[in-house]
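Start from the sequences, fold in the hints, and give me the full structure.
Next come the chains, spelled out residue by residue.
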Amino acid sequence: MKNKLIISCLLALGLMGCTESFLDITPETNLSSVTFFKTQADFEQAVNACYVPLRTIYNDRSWLLSEMHSDNTYYARNTAFGATEQQEDLADFSIPVSNGLTTNTHVLNQYRQDFLIIARANQVLALIDKADFDATVKANLKGQAQFLRGFAYFELYRYFNKAPLQLTPVTTREAAAAPLGQAADLEKIIIGDLTAAAGSLKSKATQEPGRATSGAAKTVLANLYIIKKDWPSAEKLLREVVGDGGYSLIPDYNNVFSTSTGNKNNSESVFEVQFQEGSNGYNGTFMYNFLPRPMIESELKTLSGTSNPQPQTGEGNNIPTPNVIAAYEEGDLRKSASVGYITCSTTLWEGKTYPIIKKFMKTHALNGNHGMNWPVYRYSEVLLFLAEALNEQGKTSEAATYMNLVRKRAGLPETTAKDQASFRDALMKERRVELAFENKRWHDLVRTDTYKAVITAYGAEIKANPFSYYYQKGYTLRSNSFSVIEKYYPMPADEAALNPNITK
Amino acid sequence: MKNKINYFEKKSRTVKLLATFVLFFCSLAFAQGQTLQGKVSSSTGEPLASATISVVGTTRGTLSDASGSFKIDLKKNETIRISSVGYTTKNVIYNGQSNLNIVLDSDDKTLNEVVVVGYGSTSKKELTGAVQTIGYKELKDLPVTQIGQKLQGQLAGVQINQTTGQPGKGMNIRIRGQLSVSAGSEPLYVVDGFPITGSIGAMNPDEIDDISILKDAASTSLYGSRAANGVVMITTKKGKGSGTNVSFNTYTGVQQVPFKGRVQMMDAVEFAQFKKEFYEDAKQPVPAEFQNPSQYAGKNNDWYDALIQKNAPITSYNLTITSNKEKSRTSLVAGVLDQKGAVINTDYKRYSLRLNSAYDLSDKVTIGFNVAPQLTYDNTPRTDGDRSNGILFNAMHTWPIMPIYEADGTTLTKFNKFPASTGNIWAYANWVRSAQEITNETTTTNLLTNGYIEYEILKGLKFKSSINGEILRTKYFFFNPSTATNALNTPTPTTAVSIRQNIENLSWLNENTLTYNRTFNEDHKLELLGGYTTQYFRQESTNIQADTYSDDRLPTIQGAININRGATNSGVQEWSLISFLARANYNYKGKYLINAAIRRDGSSRFGLNNRWGTFPSVGIGWVISDEDFMKDLPVVSFMKLRGSIGEIGNNNIGNYTQYALINNTVNGVFGNTVAPGAAVSTLANPNLGWEKTRQLDLGLDLNLWNDRVNFTYDYYLKNTTNLLYSVQIAQESGFGNFNDNIGEIKFWGHEFSVNTKNTVGAVKWSTNANISFNRNVVVALAPGIDRVYGTFHITKVGYPVGQFYGFISQGMYKNQADVDASPKVPGRSFPGTIKLFDANGDGVITNGGNFDDRVIMGNPFPDFIYGITNNVTYKNWDFNIIGSGSYGNQLLVRHIYSTANLDGPFNLLKEVANRWRSESNPGLGKYGTTVGGGNVTGIERDWINSRFVADASFFTIKNITLGYTFTKPSKVYKSLRVYASCQQAYIFTNYWGGQNPEVSSQGNGQGDGGNLSPGIDFSSFPVPRTFTVGANFNF
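Order-wise, the sequence lines are chains F and D.
Following my numbering, the numbering of the first sequence begins with 1 at its first residue and continues without gaps.
Following my numbering, the numbering of the second sequence begins with 1 at its first residue and continues without gaps.
Note that these hints are calculated values from the structure, not bench results.
Accuracy of the hints is not assured; some may be wrong.
As the list claims (entries may be wrong) - With a straight-line cut-off of 25 Å between C-alpha atoms, the simulated BS3-like cross-links for lysine-lysine are:
id, chain 1, residue 1, chain 2, residue 2
1, F, K473, D, K283
2, D, K926, D, K260
3, D, K417, F, K301
4, D, K137, D, K75
5, F, K301, D, K414
6, F, K429, F, K463
7, F, K473, D, K276
8, F, K228, F, K487
9, D, K75, D, K90
10, D, K974, D, K325
11, D, K364, D, K525
12, D, K75, D, K459
13, D, K310, D, K340
14, D, K364, D, K327
15, D, K283, D, K875
16, D, K237, D, K974
17, D, K875, D, K968
18, F, K352, D, K276
19, D, K90, D, K71
20, D, K137, D, K968
21, F, K352, D, K283
22, F, K352, D, K417
23, F, K463, D, K971
24, D, K325, D, K237
If you're wondering where the values come from, they're calculated on a predicted model, not measured in any experiment.
Next comes the structure, spelled out in C-alpha cells:
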C-alpha cells in the first residue's frame, strides 16, 4: 500500500517535470528590440524606416498646410457633399482655435508624423555608436538619421515655432511627454543635426539616389538661416551646394518633375520623397487628391491614362486659384507646364472647367496608385535662395545672375529689378511661379511677414467673387472664413491632452 | 532560430508526458481486491459511480467505481449506508451475504441534482458558490442550432444576446455584466473538463447533457487566470441507463423574416416627391426625373426585401446511441444540420459526431476516450456592417426608384442608371447581385479528443490523469468578382479580389489530479483535491490576397494579375500555461459547508517580471433549514445562506503584448528600388500581467411548501483592477500606446430566480422566472487620464463604461431671430438647421477640443434583464413557452447618418418627409432643412446627437413548443414524441432602428464593436422567425 502511494507521488512529480522554460514563448513572426539594433544590416533597415513617414506627410498633409493654406490653391466646393470642414478650414483660414490649441486633424497628423521620424531617428542615433561595423557606412547611416531628425524638427519649427524636445528613445510611459522647446531650442537642434549630417553624408555624386545627401542637408540648413535672416551663413552653405558639382538645371521645365516610373532624382533634384507605383503600398495618391470632383471615368482617363479609371466623388482640393494663374508673366513657359485644365461634366459648378496642377498629373498604370516622387528641394530653389541671400546683403547684381538662370530656363528675359527692394519683390514673384504647388507659398508669406496682408486681400477677392473660386451660383463662403489668419499653427489639442507641457 | 528550438523542445516535452502516462498505466497491475462485493445501481438499472458506502458507527467506508461496484470489509449485523448525489439514501443491514445488489431510487428533489463544477461535481444542497445549471430536460426540446440560443432567458445574471441572424454566429454571452477595457469578455468554455480555445457557436447542441454556469469566485477560482468572465461548463452525453438505447431526433422547418420592425423607408413615389421638394426649396430647377413623382406609382423597388429569403428551409437530424455494458459505457451522437439563411444565398451545414467511451479495466482502474470530429460549411453574404461592408445597410438606403431588374424582369441591373445631376453621387451596386455573386465561405474542421485514466489508489483516494487535444482548421475563401461589390460608392466593374486564409490551431492540455473523498463518523464529510496541469496552444495562419482578375470564372491565385503584398502574410500565435490547483471541501452534517480553493498559474502571456499569479477563494454555506429551530416552520422545506469571496483573473490579453516588437515591413523606396526597413512598433512592458477581479457573492436559496416554490437570490460585488489597457501616450514618443495594467471597474448586481410548480395534478404547470440587475462604474483609468473616447462613446471615471456621447438635439432653429438669440455653429447654423445644446454655455457649439459641447446622451446597458419559462404537461401533451427580455437599454441607430441624409444621395426614412421646410411648415422638429448643402445639413448627421439614440427595451417570445408523446410502443419505436415549435415567435419592442433590438455592432471598420463601444446598430442579418415540426423516436 505504502509503495503504491510513493509510486503515485513520484509519478505525479515526474509529470511536473516541466520547467519554467515551458513558459518562455517569444514571437516567431516578429523580431524584438532585444535582438535587434546589433548589425550593420539592422541599422540600414532602421534608417530606411526613418524615411517612411515622409511619404504620408507629402502625400496627405504638406499641400494642405502649406499650399491650400495660401493664395495658390483652393478647394472646389461640392455642395452635395459634407464632412469637408477639416480641409476647408485650412483653405478658408478658419481653423478652430482655443487656448492656442486646435482640433484640426491635418495639423495633428502632420505633428505626429514628424515625431514618428524623430522617434525612429532617436532610436538609431542612441545605439549606432555602440555597434561595431564599417566606419564609412556608419557615418553615412548616422548622417541620414541626423538629416531626417533635423528636417522633421525644421518642419515643426516652421509650422508651430515650438515643439517638445524629444531626443532619446522612449522606453517607459512616463518618458513619453517631453518638455516644450521654444524656437531657439529647436534652432539649436536643427543646426546641430544638419551640420553634423552635412559633414558625414555622402555627396549626390556618390550617394545612392533618393537618399539624403550632404547637399540636401546644407540646403535645409540654409533654409533655416534664411528664415532667421542670417544671410551670410545661408550664402556660405548655398555656395557650397552650387559648387558641389552634382546639380544642374534641366533645360526644359516640363522635364523637371518625375513621372510615375522615371526621371526620378534627376540632376535638378536636391531632395525628393520617393514613391513607387504598384500594389506594395509605397505608392502615392496625391494626384487624385488634387482632382476637381465629381469626375467621371472618361474624364479621369485623359489625365491618368489608366485602363481602369474609377469615377471620383466627393470634393476636389488643391485647385489652382485665378490669383496664382495670373501671377505668371506673359510668355512664361512654366505656366503651361504647371497649370492645365479639365472639364468635369457632372459637377454642379456651372463653370465646369477647372484648372489643375499639371506638373503632378502624370499617366500611370493603376487607378488611384502612382509613383511620382515629390520634389522637396530643387536646384532652382537653391539658386533663388542664393540670389535672395546675396540681395539681402546688398550684392544685388550678383544675385541677379542666379535668378536669371531660372528665368532664362522659363523663357523669360533677365530681370529688370536693379535695386535691393525691387529685386526682393521680383524674387518673391519668381519663387511663387517657379515653385508653385510645391508647398512653399505659405512659408514664404510667413518668413517675409506678408501673410496677413496677402491673405486678407485674397479672402476679400474670394468673397467678392465666389463663382470664380468654384462656388456654385447662389452659394458663398462660410461666415467664419478668413477669421483666423495667424503666423503659426496652434498646437494639436489631442497631443496637448497627452502632454500637458505643450500648454505650459 | 531560438524560437524554433523552443518549438521542438515543447514537442519533445509532449512526448515525455505521454511516456509518463504509459508508465503510470503499467503500474496499475498491482490493484488488489477486498472481501465483500456489492453493486449500486439506479432503479432504471444504471450503475451508480462514486456512491458513498459507509459503515454506520465507524470511520470505515468506500466509494463505488464507475461500474457501480464496490468492496468492503464487514462484520455481520453491521449497517451500511449507501448514498449518492441525486438519489435517496438507503441503509442495509449486513447479514453475511457475499454479493449485494443495491438499487437506489432517484430523488426528484432538485436539491440533490448533480451540479458539475470545476474539477468535480457536487449537489445543489452542498454548493457554496453561485452556480446555475441547465439539464438535459430543459435543453432537449428546443429546435435551435446554437447552444447560446438554448440558454436565452433561462439564466439569472447571464445576458445572452443574438446579435445577428447569420447561421451559427452572433451569440454574445456576458456573465454578470463582466467586461474589460481591452481584454476579452467572453466566458471560459470548458467541455468535459477541457477549456477549449475555439468558440462553442458551432457545437451541436444535441451532444450536450447539461450545462453549468459558474458565476462567483468560489466556483471559478480553480480556473485561475482565465476565470474572471465566468465559466461555462459543458458536459456531453455519456452512456446511461442499461443496455443499448437508440434515439433519433429530427426536425424540419422554415425561417421567415417578419415585416414588423423593418426600418420604414420611403417608397418610390415618396422619394421622388422628396427630391422634387429638395430642388424646389433650393430654388433650383427640378430634374426631369423628379418632376412627376406619381410616374413611379407601382414601380417601387424594395431593395431590403429583395435580399430577404422567403421561407428559408432548415433541417436537422440527430442519432444518439448509448450503450451500457458491465465493464464499458459508450455513447454516440451523430448530427446533420442543413440551413439556408434568411438572406438570399446563405448556406450553413454542419456534420458532427461525438463518441464517448469508458472502460473498467479492473475494480480500481477506468480509462476513457472521447472523440468529437465536426465539419461545418458556411457561406454568408457580407450582410452586417456599415457602408463599406454591409449589403443590408446599403440596400436599405438605395433609391427605391432604381430598378432591381432590367426591363425583362429577370436580369439584374447594372448600375448607375441615374446621372449625377440628379444628386446620385454615390455609386450603388446591385445588392442582389452582390449577395448572389460574391463568395464568402468558411469551412471548419474541428477535432476534440480526450483520453483519461482513473485509478483508485486507496479507499477514497483517486488519481486521474488526462490528455486533451483540440485541432481546429479553418479555411476561408472570399471572392469578389468584377461584377459585384459589398461597398457603397464602388462602381462596377470593380477590381476583382480574392482572399484565401488558412488557420490551423493546435491545443493540448494535460491534467493530473488527486482527489480524496471521505466521510468520518457519518457527520464529517471531507473532500480534497490537488492537481497539476499544463496547456499549450499554437496557431499558424496563412493569408493570401490577390486582385485584378482577367476572368471572373477563374479565381485562382495564378489567375490574378496582382498579389497584394501588404495583405499576404503568415502568422504564428502561441501560448503556454502551467498551473497548480488545490481545493478542500468540508461539511458537518451537510449543514455547515465550507470550501477553499486556490490555483497558481504561470503564463507565457505575462511580462517576465510578473509571470506567476495566485488565485484564492473561500466559500461558506449554512443550511438553516436543517437546524432544529426551523422544524417548527414546515412551510420552509429548504433554506441555505451562502457567501463566497475570492480573486480571479483574465488573461485574454493577446500573446506578445509584453514585448517590444520590431515591425520589419516599414520599407523605404529609393529610386524605384524597395529597401527593407524596420522600426520598433510597440513598447515593451516586462511588468505586464493579467486583470484581477475580486468578487464577493452573497446568496440565499429558499424552498417553500415542500419545494413547490424554489427561490434563489444572489448579490455580487466585483472589482476588476489592473485592467489591461493600451494607455494613450504622447505621440512625440513615436508610439501611440503603451500596454499597461491600469484602472479599476466596479460591478455589482442582484439576481433573482424563482421556480414554481403551479399545479401538480393531471395538469402539471411549472414556471421558471428570473430577473437580474447588473451595474458597472469606472472607478479609475490611467494616471492623468479620466476618460477614453470612442467614435460614438465615452468611458469616463464615475460613469458606466461605453456611454453614448454626443450632442443633445433641441430641434430646429425656428427662424433667424432664433438663430441670432441661440448658441450656434459659426457659419453653419441657419433657420431650419439642427439646434444643439450648448453644454459649456459659451454661446458656440463646438465639436471636440477644450470647448466640447458633447455630453453623455445614452446608456447601452439595460436596467434589468429577465426571462420567464412556462411548462405545461397534460397526459401525453406538453407545452413550453420561453420569453427573454431586457429593459432600459438603448441603441445608437448609426444608419440614420445615411437614411436621414438631407442632401438626398440616399433613400430616406419615411418620416423625413415631415421635415423643416419653412418657418410656417417646420415639420416634426426632428429633421432640418435640405437647403444649404453638406456643410449645413452635415451637422445633424455627422455630429452624433441624441436623435440617434433609441430605446431598445424588448421582450421576445423566444420559443413556443407543443408536443405529443405516443407512449405505447409500436413495432418501430418504443416511444415517439412529435412537436411543432416556433422560435423567435414575437418581439415586443418600441425600437425603430432595425429588426433586432439585441444587435450590437460587430467590427465595422470604424474602431467600434469593442468593449468600450457597445450598442451600435448599422443593420444586421435579421433573426428569422422559425417554424418547425419535429419528432423524437426512442427505439
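Distance restraint between F/K473 and D/K276, which requires alpha-carbon spacing of 25 Å or less: 20 Å, holds
Restraint status (C-alpha distance of D/K283 to D/K875 at most 25 Å): Distance of about 75 Å is beyond 25 Å: violated.
Pairwise hint evaluation, D/K327 against D/K364, where the allowed Cα distance is 25 Å at most: Cα-Cα ~12 Å, so holds.
Restraint status (C-alpha distance of D/K137 to D/K75 at most 25 Å): Cα-Cα ~43 Å, so violated.
Straight-line alpha-carbon gap D/K75 to D/K459, limit 25 Å: 18 Å, holds
25 Å Cα cutoff - pair D/K364, D/K525: This hinted pair holds, its Cα atoms lying about 22 Å apart.
Pairwise hint evaluation, D/K90 against D/K75, where the allowed Cα distance is 25 Å at most: It holds: about 18 Å lies between the C-alpha atoms, which stays within 25 Å.
Pairwise hint evaluation, D/K71 against D/K90, where the allowed Cα distance is 25 Å at most: 17 Å, holds
Holds or violated: F/K352 to D/K283, with C-alpha atoms at most 25 Å apart: Roughly 20 Å separates the two Cα atoms, so the pair holds.
Satisfaction of hint between F/K487 and F/K228, Cα-Cα up to 25 Å: 15 Å, holds
25 Å Cα cutoff - pair D/K974, D/K325: 20 Å, holds
Holds or violated: D/K417 to F/K301, with C-alpha atoms at most 25 Å apart: The hint holds at about 21 Å.
In this structure, the earlier hints numbered 4, 15 and 23 are contradicted, and the remaining ones agree with it.
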